[in-house]
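*Asks:* Take the given structure of chain D and dock chain C to it, following the hints.
Protein chains: 2
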Amino acid sequence: MTDTVTLGDVPAVTQPAWGRSVGFVTPQVQIFTEPFRTASGALIPAPWQLSYETYGKLNADRSNVILLCHALSGDAHAAGRYSVHDSKAGWCEPFIGPGRAFDTERYFVICSNILGGCGGSTGPSSLHPHTGTHWGSRFPILTIGDMVAAQVRLLDALGIERLLAVAGGSLGGMQALEWAASWGDRVRGVIALATTARSSAMAMALSAAGRQAIVSDPDWRGGDYYGTAGPVNGLATARRIGHISYLSAEALEEKFDRRWQHEASPQWSHQPEFAVESYLDYQGRAFVQRFDANSYLVISRAMDYFDLAQRAGGLATAFANTQARFFVATWSSDWLYPERDGELIRQAAQAAGRAVVHYPFHSTKGHDAFLLEDAQLTPPLIDWLASLSA
Amino acid sequence: MTDTVTLGDVPAVTQPAWGRSVGFVTPQVQIFTEPFRTASGALIPAPWQLSYETYGKLNADRSNVILLCHALSGDAHAAGRYSVHDSKAGWCEPFIGPGRAFDTERYFVICSNILGGCGGSTGPSSLHPHTGTHWGSRFPILTIGDMVAAQVRLLDALGIERLLAVAGGSLGGMQALEWAASWGDRVRGVIALATTARSSAMAMALSAAGRQAIVSDPDWRGGDYYGTAGPVNGLATARRIGHISYLSAEALEEKFDRRWQHEASPQWSHQPEFAVESYLDYQGRAFVQRFDANSYLVISRAMDYFDLAQRAGGLATAFANTQARFFVATWSSDWLYPERDGELIRQAAQAAGRAVVHYPFHSTKGHDAFLLEDAQLTPPLIDWLASLSA
Numbered sequence: 001m002t003d004t005v006t007l008g009d010v011p012a013v014t015q016p017a018w019g020r021s022v023g024f025v026t027p028q029v030q031i032f033t034e035p036f037r038t039a040s041g042a043l044i045p046a047p048w049q050l051s052y053e054t055y056g057k058l059n060a061d062r063s064n065v066i067l068l069c070h071a072l073s074g075d076a077h078a079a080g081r082y083s084v085h086d087s088k089a090g091w092c093e094p095f096i097g098p099g100r101a102f103d104t105e106r107y108f109v110i111c112s113n114i115l116g117g118c119g120g121s122t123g124p125s126s127l128h129p130h131t132g133t134h135w136g137s138r139f140p141i142l143t144i145g146d147m148v149a150a151q152v153r154l155l156d157a158l159g160i161e162r163l164l165a166v167a168g169g170s171l172g173g174m175q176a177l178e179w180a181a182s183w184g185d186r187v188r189g190v191i192a193l194a195t196t197a198r199s200s201a202m203a204m205a206l207s208a209a210g211r212q213a214i215v216s217d218p219d220w221r222g223g224d225y226y227g228t229a230g231p232v233n234g235l236a237t238a239r240r241i242g243h244i245s246y247l248s249a250e251a252l253e254e255k256f257d258r259r260w261q262h263e264a265s266p267q268w269s270h271q272p273e274f275a276v277e278s279y280l281d282y283q284g285r286a287f288v289q290r291f292d293a294n295s296y297l298v299i300s301r302a303m304d305y306f307d308l309a310q311r312a313g314g315l316a317t318a319f320a321n322t323q324a325r326f327f328v329a330t331w332s333s334d335w336l337y338p339e340r341d342g343e344l345i346r347q348a349a350q351a352a353g354r355a356v357v358h359y360p361f362h363s364t365k366g367h368d369a370f371l372l373e374d375a376q377l378t379p380p381l382i383d384w385l386a387s388l389s390a
Numbered sequence: 001m002t003d004t005v006t007l008g009d010v011p012a013v014t015q016p017a018w019g020r021s022v023g024f025v026t027p028q029v030q031i032f033t034e035p036f037r038t039a040s041g042a043l044i045p046a047p048w049q050l051s052y053e054t055y056g057k058l059n060a061d062r063s064n065v066i067l068l069c070h071a072l073s074g075d076a077h078a079a080g081r082y083s084v085h086d087s088k089a090g091w092c093e094p095f096i097g098p099g100r101a102f103d104t105e106r107y108f109v110i111c112s113n114i115l116g117g118c119g120g121s122t123g124p125s126s127l128h129p130h131t132g133t134h135w136g137s138r139f140p141i142l143t144i145g146d147m148v149a150a151q152v153r154l155l156d157a158l159g160i161e162r163l164l165a166v167a168g169g170s171l172g173g174m175q176a177l178e179w180a181a182s183w184g185d186r187v188r189g190v191i192a193l194a195t196t197a198r199s200s201a202m203a204m205a206l207s208a209a210g211r212q213a214i215v216s217d218p219d220w221r222g223g224d225y226y227g228t229a230g231p232v233n234g235l236a237t238a239r240r241i242g243h244i245s246y247l248s249a250e251a252l253e254e255k256f257d258r259r260w261q262h263e264a265s266p267q268w269s270h271q272p273e274f275a276v277e278s279y280l281d282y283q284g285r286a287f288v289q290r291f292d293a294n295s296y297l298v299i300s301r302a303m304d305y306f307d308l309a310q311r312a313g314g315l316a317t318a319f320a321n322t323q324a325r326f327f328v329a330t331w332s333s334d335w336l337y338p339e340r341d342g343e344l345i346r347q348a349a350q351a352a353g354r355a356v357v358h359y360p361f362h363s364t365k366g367h368d369a370f371l372l373e374d375a376q377l378t379p380p381l382i383d384w385l386a387s388l389s390a
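Residue numbers (full-length UniProt numbering), protein chains in the order written: chain D, 1 to 390; chain C, 1 to 390.
If we strip away everything but chain D, and leave its shape as in the complex, we get (with noise of 0.2 Å):
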């Protein structure tokens, strides 16, 4: 998941012909008691905590609630804005407010910073509560299913016990998945965009080079880099890996082509010479501003293990104990979680007797499309969801 700020534009919030913004939100963070037990078996004593934040009102019943999961580069601000300075909206903000898909006037919606990221949530950024030190390389090895498991406690002190649906792309798109199968009996829909309910060799490849960059930088010092600058350049590296593979070749001939740099060229140097490279530079500077580099390890760490099918058994086995619809989305340019994908998660959830949809958009905008499409995907979603709380 990316900005969607091209170089050299000032940030705009989009406007997408339908809805209005939720306006301003407030961060929120829950504070757990109780320690947290991860799928290796490591231990996060408490006080541990998730940053969230909501949008739009919890009925009576407590029927109305979309939980929304976030990317790898995201966070729990996903819509709206908190102060008038602010000139940049949360991440999925074209889709979350009054007549949006996310409508804020029928649906609760919920997003919070997964365990292990740096945007208010317990991560390898933390202080550890019993030696007052930032966690770093220390912080535990996570999966998809800790990430969860650590929303589930989010829902439980909040008094929810049931979604309506779960919603995410990418890494959000696994959680999702990860709900069905070891909550199935917990939500009513779920919502998988451009995603995998199995790493592959190729995403798990692009991965690791991404990962290889930042430990071999000389200011990661083993992950004990907090109170410095920290491993900028191997992050940054690392996330123009990512954004290459977020895009397309179809994205970067729109955006990009060869178009050069400067007025006057070549310049004959191995400065950017080509906009797409300058994009790339920017891309990985503004990254550095924003996120933790030990994150980035175990966010990623965890995207490689995922693996339904393996772990249930098949694909079909893992979705067996939800009674839980499917919304799945690919989209045509999308080379890290192809279309192929998502046809396999829809096989899946019909042999194992669930009512799914897979929509195989067309779209040139690569990985990113999930965020970027909000025209092709709106329409069907709001129907879906209508569907599922009728």
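A few of these clues could be false.
Each pair may be met inside one copy or between any two copies, as identical chains are not told apart.
Claimed, not checked - Straight-line C-alpha distance at most 25 Å; calculated DMTMM-like pairs for lysine to aspartate or glutamate:
| no. | residue 1 | residue 2 |
| --- | --- | --- |
| 1 | Lys255 | Glu339 |
| 2 | Lys255 | Glu343 |
| 3 | Lys57 | Glu339 |
| 4 | Lys255 | Asp307 |
| 5 | Lys88 | Glu105 |
What the hints contain is simulated information worked out from the structure, not anything from laboratory work.
*Replies:* Relative to chain D, chain C alone:
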């Protein structure tokens, strides 16, 4: 272009169904006593040199020469072995030898290391003849045209006026196309494999991410790292990115899928957990042993600049000054230089009135297919070369 060594395999000479190896070969060097002027206007003073190898015998009228151009990580050692201790033959071994596509009983094959390379030709790791110190980052920015102009000087020195064919894959294919565009009266046939006439924004993005990894490695030292280990981490990262782009999702799936690296898995560790990670690490480590980081910068930058159509005002115009016939091949899973790029070359050659064939081969092996699919490539190549020399 990459090694075909798979992690854990004993490196083995590919044994195609046809032909024999050229056996033992001797590296050669041509030293030039006139300076070389680059397209950027920079001067490489004499003496400078190109390393090269030859296979087969030059015929009496010097009409049987095939110039073979190597790809980014290649060198002049295309076939055969240097000694009985060599466990590995040259990078193009399955294609060169008696009875093979480049039949050394008919053709005289020349392969030279490109200008800017690090396989014996003058490049950034060479000593500047005036200062006696390594060129480093002071080595001029090059174009594909410069590399080819240097090859022309080599052929002049060898007394070879005309080529029967120029052949290459990837960067080597760019050189072959450059021959057609810039030295079209000196070549009868152009063999362009898994290549493009125009580097795409996607290819440039991957290339830029790799270069940034190198120059942001503190051990790069502004390019003056000779006598030290050099930017081994940055170069390994660049190689990992490159290597992923040379493979395909299918190739990675076939080779590794989600196979664990250790018997007792998961180990819940940031160390390689999956075989694909170990493989990439191996590729990165092996590459830094044999390749110069500054050469990587220069060569990948030259590839970025490559756009024959832009220079000539249309690709057909670029091919207007040659009578050469074209043999073009692409592979279905090559996402770096996809089938469309080969089709554009075919259309342009046809529009220029040239005889051209384009083989859009099916393969799961990605970009590297041009080195690996000798069974697909050899039969049509043998026929085409025979018709060319008829």
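*Asks:* Now tell me, hint by hint, if it's right for this structure.
*Replies:* Taking the hints in turn, this is what the structure says about them:
{"no.": "1", "hint": "Lys255 <-> Glu339", "in the structure": "both (23 Å within a copy, 22 Å between copies)"}
{"no.": "2", "hint": "Lys255 <-> Glu343", "in the structure": "between (29 Å within a copy, 23 Å between copies)"}
{"no.": "3", "hint": "Lys57 <-> Glu339", "in the structure": "neither (35 Å within a copy, 52 Å between copies)"}
{"no.": "4", "hint": "Lys255 <-> Asp307", "in the structure": "between (34 Å within a copy, 18 Å between copies)"}
{"no.": "5", "hint": "Lys88 <-> Glu105", "in the structure": "within (22 Å within a copy, 69 Å between copies)"}
The structure is inconsistent with hint 3 alone, although it conforms to all the rest.
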